[in-house]
Amino acid sequence: MAEKKHMGAKAKSRLSNTIIYIILVVMTIVWLIPFIFLVLESFRLETTHQVGYVIPKQWGFDNYIKLFTKTDFPIWFGNTFIIGLVVAIVQTIIVLSMSYTLSRLRFKGRKAMMNVMLVLGFFPGFLSMILLYKVLSWVGLTGSNSVPGLILVYVASSGMGYYVSKGFFDTISRSLDEAARIDGATRFQIFTKIIMPLSKPIVIYTILTAFMAPWGDFMFAKYIAHAASDGMNVAVGLQNMIGTQASLAANYTMFCAGGVIVAIPITILFMSLQKYYVEGVTGGAVKG
Amino acid sequence: MSKVKLTDVKKIYNGGVVAVHDFNLDIADKEFVVFVGPSGCGKSTTLRMIAGLEEISEGTIEIDGLVVNDLQPKDRDISMVFQNYALYPHMTVFENIAFPLRLRKTPNEEVFQKVKEVAEILGITEYLNRKPRALSGGQRQRVAIGRAMVRNPKVFLMDEPLSNLDAKLRNQMRAEIILLRKRIDTTFVYVTHDQTEAMTLGDRIVIMKDGYIKQVGTPDEVFDWPHNLFVAEFIGAPKMNTFKADLVREGDDYYVKAFGAKILVDGQKGDMLKEKHVENREVILGVRPEHVVLAKQGEGIDVTIQVNEMMGSELHLHTITTDGTQIIVRVPTVSLSHEERAKLTNGEMIRISFEGKVMHLFDPESENNILI
Chain A
1 MAEKKHMGAK AKSRLSNTII YIILVVMTIV WLIPFIFLVL ESFRLETTHQ VGYVIPKQWG
61 FDNYIKLFTK TDFPIWFGNT FIIGLVVAIV QTIIVLSMSY TLSRLRFKGR KAMMNVMLVL
121 GFFPGFLSMI LLYKVLSWVG LTGSNSVPGL ILVYVASSGM GYYVSKGFFD TISRSLDEAA
181 RIDGATRFQI FTKIIMPLSK PIVIYTILTA FMAPWGDFMF AKYIAHAASD GMNVAVGLQN
241 MIGTQASLAA NYTMFCAGGV IVAIPITILF MSLQKYYVEG VTGGAVKG
Chain B
1 MSKVKLTDVK KIYNGGVVAV HDFNLDIADK EFVVFVGPSG CGKSTTLRMI AGLEEISEGT
61 IEIDGLVVND LQPKDRDISM VFQNYALYPH MTVFENIAFP LRLRKTPNEE VFQKVKEVAE
121 ILGITEYLNR KPRALSGGQR QRVAIGRAMV RNPKVFLMDE PLSNLDAKLR NQMRAEIILL
181 RKRIDTTFVY VTHDQTEAMT LGDRIVIMKD GYIKQVGTPD EVFDWPHNLF VAEFIGAPKM
241 NTFKADLVRE GDDYYVKAFG AKILVDGQKG DMLKEKHVEN REVILGVRPE HVVLAKQGEG
301 IDVTIQVNEM MGSELHLHTI TTDGTQIIVR VPTVSLSHEE RAKLTNGEMI RISFEGKVMH
361 LFDPESENNI LI
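Chains A and B, in that order, give the protein sequences.
Mapping the first sequence onto this note's numbering, position 23 (from 1) lands on 23, and the numbers just tick up by one.
Mapping the second sequence onto this note's numbering, position 263 (from 1) lands on 263, and the numbers just tick up by one.
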């Protein structure tokens, strides 16, 4: 009798697992279709514009070769990569030290500051776009010089992204800090030797989000680079390539090749860090 | 030499809450002092001020004659064991213990040597390569003690180190701390809310309440001569019975009258009352449960047994007098005959009296011991 019941529970869980997996597989396919489509387009050689069928009739790497030899794509890619890298490093340092400070130190105006930053964060960043453009153009960081300009814009408000990582730090017992202080560690040593190793997921999460935002940004980058091709990032450059009906028809498959290449670094980054990334999102969310 | 001296130490939190009032204490070299009291009495705050984790609002703390008020914890040459162990989860046991040495840039060989030595004393050698999460509560606390021991601090601070352990392990670790103390032979300041820990570990006990020191003394002193009602009730388990009574003088003898009975105050306490020429007065009488004795028929006080707890070697009887006062009685079972034991059941009426030599007399107003 008991055994029968046991079997019943087992069968039930197997059934629910099957259903879950079917749903997951369907979702994966739905999500993958556009990307597969993009990849297929990028290898199409018979034409450069959009066609009514999916599988290419002629395959080859010509679109990729053209992209790297006939356009400014290498420059855009380099620009984006430099911006992403610098922002990822600087922003991570700022966000993590800001969050640790807000989590551990008690000083006047701490609560008020946190609230103000939280509320300010609700406003979309592009509200300040015109003003930022003015400021950047005064100091000559627009057009061809937009890489440092964009880095400044992306990094400037980093501190406001303290919320998730502060929530994570709050879950680390303060007695660890105290024990380390008594053991002889300075604040900086506590941060680097105790808190950072315990916060791997949130560090990875912060690096990823800091890299992703500029990597995919279009609005600010477009506005600040304006028409200077050597100041564009990939998103702006690629969009520029298909800006008119005529250029769309001429460059569509090459545009798709650009899209595939843009996705590669992000995919590599995610696949190598996904284990920590998932932990980071949920770990910080407990108290976030 | 590692003396600790606290002079008029005060802790006022933002918002004006005073956690510790004018704390004065001299802790001798190699002394084991226990701060004990209910939660919120300021014992942990005081310890944390000695550690340097909490700012001192007023007064001074000296370690070896040096005022440490403005020194960082790392510059005070103290170490501390926390209630929740506070082990670094990402480091192995070895690295946890080695951490204070590594921060001091101790040469590798010496680190290895010292950690090994400490691990052997604490019996954790086989766990050195494990992470803290793979250890039991008792083992973790040993690692925490090891980390505190490894750099031979002047003062060893312990903040409720056994509170997270289960009862059996707590008893075992308590005994180990006594042995450890003999071995490392330094000054200890130990915080606990458990009076048994305080009594068994401390050379001296500091009993605190609401930020004030209520009494400082050896375990014997605080047990036999509590300065006030709070200390009397806090130390000893089950807690002391206390109730209003009349102290009357008849010739050279003093008696307490309570529940219709008249009991002679004899021994040293009787002599002291005589010397002080105490007049007839109202008192609060304190009698420990083990000093309540079963009386013969026709003597003593009538009480009814409400609850009887068999503790093995003794019985705890929760009794009630005819006017509703509760009195707890401890009866050693070894001296009871079978018939006597059978009578001590719930609902039975028994007669009790008090040992006159060991009664405690307190002033009803000030709650202070009238003999001190």
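What the hints contain is simulated information worked out from the structure, not anything from laboratory work.
Certain hints may be false.
Computed, partial: chain A to chain B, Cβ under 10 Å [stated by the list, open to error]:
| id | residue |
| --- | --- |
| 1 | 178 |
| 2 | 179 |
| 3 | 201 |
| 4 | 271 |
| 5 | 274 |
A quick note: this is a predicted structure, and the numbers were derived from the prediction, not measured.
C-beta atoms are modelled at their ideal positions from N, C-alpha and C, and glycine is treated no differently.
Comparing the hints with the structure gives:
no. : hint : verdict
1   : 178  : holds (5 Å)
2   : 179  : holds (4 Å)
3   : 201  : violated (12 Å)
4   : 271  : violated (24 Å)
5   : 274  : violated (21 Å)
When the structure is compared with the earlier hints, violations turn up for hints 3, 4, 5 and for no others.
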